[in-house]
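Participant: What follows is the residue order along each chain.
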Amino acid sequence: MPQNAENVLDHFELFRQPEYKEMFEKKKQFENPTADAELERVCEWTKTKDYRDKNFAREALTINPAKACQPLGAVFAAVGFEATLPFVHGSQGCVAYYRSHFSRHFKEPTSCVSSSMTEDAAVFGGLNNMVDGLANAYNMYKPKMIAVSTTCMAEVIGDDLNAFIKTAKEKGSVPAEFDVTFAHTPAFVGSHVTGYDNVMKGILEHFWDGKAGTAPALERKPNEKINLIGGFDGYTIGNLREIKRVFASMGVEYTILGDASDVWDTPTDGEFRMYDGGTTLEDAANALHAKATISMQQFCTEKTLPYIAGKGQETVALNFPVGVQATDKFLMELARLTGKPISAELAKERGRLVDAIADSNAHIHGKKFAIYGDPDLTLGLAGFLLELGAEPVHILSTNGGKAWAAKVQELFDSSPFGANCHVYPNKDLWHMRSLLFTEPVDFLIGNTYGKYLERDTGAPLIRIGFPIFDRHHHHRYPVWGYQGALNVLVWILDKIFDEMDHSTNEVGKTDYSFDIIR
Amino acid sequence: MSLVEPETIEELVARNKELIKEVLEVYPEKTAKRRAKHLGAYEEAKSDCGVKSNVKSIPGVMTIRGCAYAGSKGVVWGPIKDMVHISHGPVGCGQYSWGARRNYYVGATGVDTFGTMQFTSDFQEKDIIFGGDKKLSKLIDEVQALFPLNKGVSIQSECPIGLIGDDIEAVSKAKAKEYDKTIVPVRCEGFRGVSQSLGHHIANDSIRDWVFDKQAGKPARFEPTPYDVAIIGDYNIGGDAWSSRILLEEIGLRVIAQWSGDGTIAELEATPKAKLNILHCYRSMNYISRHMEEKYGIPWVEYNFFGPTKIEESLRKIASQFDDKIKEGAERVIAKYRPLMDAVIAKYRPRLAGKKVMLFVGGLRPRHVIGAYEDLGMEIVGTGYEFGHNDDYQRTTHYVKDGTLIYDDVTGYEFEKFVDKIKPDLVGSGVKEKYIFQKMGVPFRQMHSWDYSGPYHGYDGFAIFARDMDMAINAPVWKLTKAPWAA
Ligand code: SF4
Ligand code: SF4
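Sequence lines, in order, name chains A and B. No gaps in the numbering here: position 290 of the first sequence is 290 in our numbering, and each next residue is one more. No gaps in the numbering here: position 77 of the second sequence is 77 in our numbering, and each next residue is one more.
It is worth saying that the hints were derived from the structure and are not from the lab. Here a beta-carbon is modelled for each residue, glycine too, at the ideal position from N, C-alpha and C. Not one of these hints is a red herring.
Covered stretches of chain A, as calculated for chain B (at least 3 residues, CB under 8 Å): (1) 97–105; (2) 447–460.
Result set (SDA-like, lysine to any residue): computed pairs, CA atoms no more than 20 Å apart in a straight line: (3) B/K134 with B/L146; (4) B/K482 with A/G270; (5) A/K244 with A/G339; (6) B/K218 with A/P33; (7) B/K273 with B/A220; (8) A/K47 with A/D442; (9) A/K26 with B/P226; (10) B/K275 with B/D213; (11) B/K138 with A/A57; (12) A/K311 with A/P222; (13) B/K138 with A/D53; (14) A/K26 with B/E250; (15) A/K367 with A/D442; (16) A/K367 with A/E454; (17) A/K28 with B/R254; (18) A/K26 with A/P2; (19) A/K451 with B/G107; (20) A/K28 with B/R221; (21) A/K291 with A/Q313; (22) A/K142 with B/K417; (23) B/K439 with A/E271; (24) B/K482 with A/P267; (25) B/K317 with B/E328; (26) A/K28 with B/K273; (27) A/K107 with B/E416; (28) A/K26 with B/R221.
Generate coordinates for the entire structure from the input sequences, incorporating the hints supplied.
Facilitator: In structure tokens form, the structure reads like this:
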């Protein structure tokens with residue numbers, strides 16, 4: 001009997017005991033398994049160039065993609081506003097998925113409601129669901145604002161959010177002056193970053209352009225403030241707090257549009273806060289008057305930024321600024337826009353980051369990396385690796401397309417370390433698997449799902465991205481700014497040193513190189 | 001309202017009624033009326049729990065439920081490890097459910113086993129406009145080219161499929177013929193039905209129509225014995241089916257199939273040769289069990305492998321369907337594990353006795369785990385199902401005590417209020433609920449995923465269950481939630 005009360009064995013150990021091993025053997029006879037030799041043959045074949053060619057010839061099948069659907073981004077953008085309840089119009093299963101997905105990453109609750117459309121709504125449209133749904137959500141959860149988006153069901157049947165919300169207001173679901181913003185977020189277009197963009201734009205339009213015809217449009221009276229949009233970012237907690245510190249250090253007045261850093265980081269003190277922090281509705285409206293808007297992620301704001309520019313603001317699009325030069329650029333843009341000097345404090349932090357790089361870069365120099373993830377994230381990380389003297393040889397994105405690929409190529413061309421590097425737009429992690437087998441790298445950077453690649457190909461995984469389900473609390477640390485870059489540097493170094501130790505720790509074989517000082 | 005600890009049943013019932021009244025006050029009138037029917041206190045000797053179930057969730061209330069796709073792809077089909085399961089439609093549904101269910105298996109993932117992979121047709125706008133059948137057909141070709149060792153394919157329909165008029169059945173038939181493989185179209189679009197539950201049913205039916213019917217007349221791949229049984233409705237969460245199977249084999253039975261945790265298409269195909277189907281999750285697989293009874297004359301029994309009391313009862317019940325050899329086997333196994341169970345209970349019961357628990361899970365565990373808690377001296381003060389039907393609430397009456405608070409398809413608001421007022425020592429529910437209650441200072445265990453622990457089934461599992469409940473409730477962190485300087 002393997003189990004005992006004193007030392008309870010759970011799944012990690014239990015199934016390795018002889019009783020279970022024997023049981024697995026016996027089960028095999030009912031499984032009609034593939035013969036070992038054949039299994040071995042096919043397994044080896046999947047590692048070859050021939051397999052890679054077939055794999056890259058895929059046109060219809062997507063395997064292990066690194067992207068999600070629009071409404072996920074919609075919810076992300078919505079929860080960043082004060083006491084805002086995301087309301088996803090369509091079938092309810094999707095909402096259960098978004099909430100679980102965010103909870104697994106942030107280890108936090110995510111409040112979001114669905115209009116729970118079923119078969120009859122598919123036939124007759126979801127108007128009643130909108131009317132009842134808004135009334136219920138408003139009464140139960142007392143939000144200050146409701147941000148409506150759509151699942152693919154509502155999009156396929158063509159529900160008209162603007163008209164539905166109007167009707168709901170007429171029927172008294174919510175008071176006429178209550179803020180209900182909307183954005184269509186079809187899951188079969190773009191990805192979660194597109195959904196983020198659509199909802200961000202929808203919310204700004206609501207406040208700036210006269211609340212869907214129910215109020216006069218605001219007139220822009222320029223002031224000196226700076227707006228900042230973070231984009232869909234798994235590190236939003238740490239990053240936005242870091243950005244606020246940077247703004248404070250330079251004495252810049254700012255509005256962060258979509259600030260989820262509090263609602264996804266509430267304390268355990270006996271009280272559940274369904275809403276916490278976030279951009280106030282007043283600030284969202286007044287953001288129109290700002291001097292300029294900085295987007296930290298170009299590909300999360302492809303529609304929002306031009307919309308803002310159209311209002312007369314200057315806009316700056318960055319690509320997930322990680323590292324020295326990307327942060328330099330961010331700060332210099334900020335200084336240029338505001339006329340305020342970069343603070344001595346930040347200059348010193350820069351020096352400290354460069355100091356750390358100088359201390360450690362010998363361990364990173366010339367190492368080959370593969371990176372995958374969202375378009376801006378991969379650009380930001382690749383830029384930093386080039387600064388460190390590493391070679392980001394495979395850069396892959398499922399939701400990055402041609403425009404993204406051109407930007408990555410530009411980055412490669414800017415550095416001698418980019419010479420042998422390649423970019424793979426609209427590819428998935430099964431493509432990456434072939435790349436890692438046929439052109440191996442030293443390290444892989446990606447989200448939690450990269451652990452399957454690490455297991456199959458042996459490329460050690462450094463977890464940076466979204467979602468991260470199987471490591472805790474990294475989202476509380478910034479990766480932007482000089483301080484953020486320092487965190488990224490340490491995560492990379494930790495993995496490199498761990499690998500060095502693991503590959504040199506066999507007594508009697510590799511006693512050398514198992515150094516105590518590195 | 002003052003919430004004195006109720007001492008009598010009457011007080012308890014009165015308190016629960018008062019609580020229900022209070023939560024209903026927040027709703028608009030129409031909604032309050034509808035929700036009232038889903039909330040109640042169990043009254044002894046009644047045949048069900050007095051609540052309505054398996055009806056549509058109300059828009060905007062924050063239901064915890066999922067959809068039919070989740071019930072089919074996530075629950076029934078997903079765990080069949082040697083098939084490729086296509087999430088057919090846009091990328092989202094498959095992405096969020098990718099690898100999230102912990103239905104353990106062993107196999108060479110990506111070569112002859114595909115459990116923790118996400119295959120999707122990743123629909124784009126043109127597929128919605130022009131239809132996705134051509135893409136599906138090409139996609140199946142690509143599956144065959146890249147994964148030649150697959151034993152079949154299932155097509156898990158997402159919402160758009162049923163709305164754009166695709167004929168996935170025709171594509172499946174043609175491709176099954178071309179490759180001589182099992183290809184199963186499943187119409188589990190998320191807008192069908194009211195929860196995961198219809199997805200279970202649709203998936204069950206698809207096994208009947210697309211797996212069993214093809215097998216008609218084919219001989220078994222093995223010599224039958226009088227002791228052949230199939231485990232039905234165990235998804236091997238954290239290895240649950242394994243810690244169950246080991247007991248069934250120990251009492252002398254031969255398990256020829258596992259549905260569907262760590263399952264294979266060969267096992268599904270072989271099941272009509274079983275002498276007895278033993279059914280754990282009644283909700284998700286009673287349909288196929290009834291079908292096999294009607295069509296192949298295979299009887300089925302429900303069982304419960306949570307906690308020693310229910311395990312003993314269940315082993316005897318299963319053995320009673322067989323000869324003395326098996327009956328003796330059951331007694332032998334019960335006796336063999338009793339010292340272990342005594343030791344587990346001796347260790348943990350003193351730390352857990354009298355603790356109050358509130359549950360809200362899927363379609364089985366809201367009743368099935370109650371015995372395990374009671375074996376540890378704990379008390380269930382409230383329970384409810386995400387997607388149970390009336391027959392589940394009937395079965396629940398055998399488990400709950402008089403006056404227990406019952407909440408069907410509970411809303412976020414109701415659940416939070418109930419817990420806030422009742423102040424249980426532990427809440428068992430899902431990941432969406434976990435962090436809410438922990439922030440309130442209430443210990444919590446995820447009861448779908450076993451909170452990344454498990455198995456909880458069987459004798460081996462009960463030891464882990466007890467350890468985990470102790471770890472949750474008696475963690476020192478719960479003494480730290482209030483700052484010492486705060487009043
Ligand atoms: S792809 Fe469509 S059905 Fe699936 S989760 Fe996204 S919106 Fe929902
Ligand atoms: S045990 Fe419960 S949660 Fe699991 S599949 Fe059955 S009904 Fe769902």
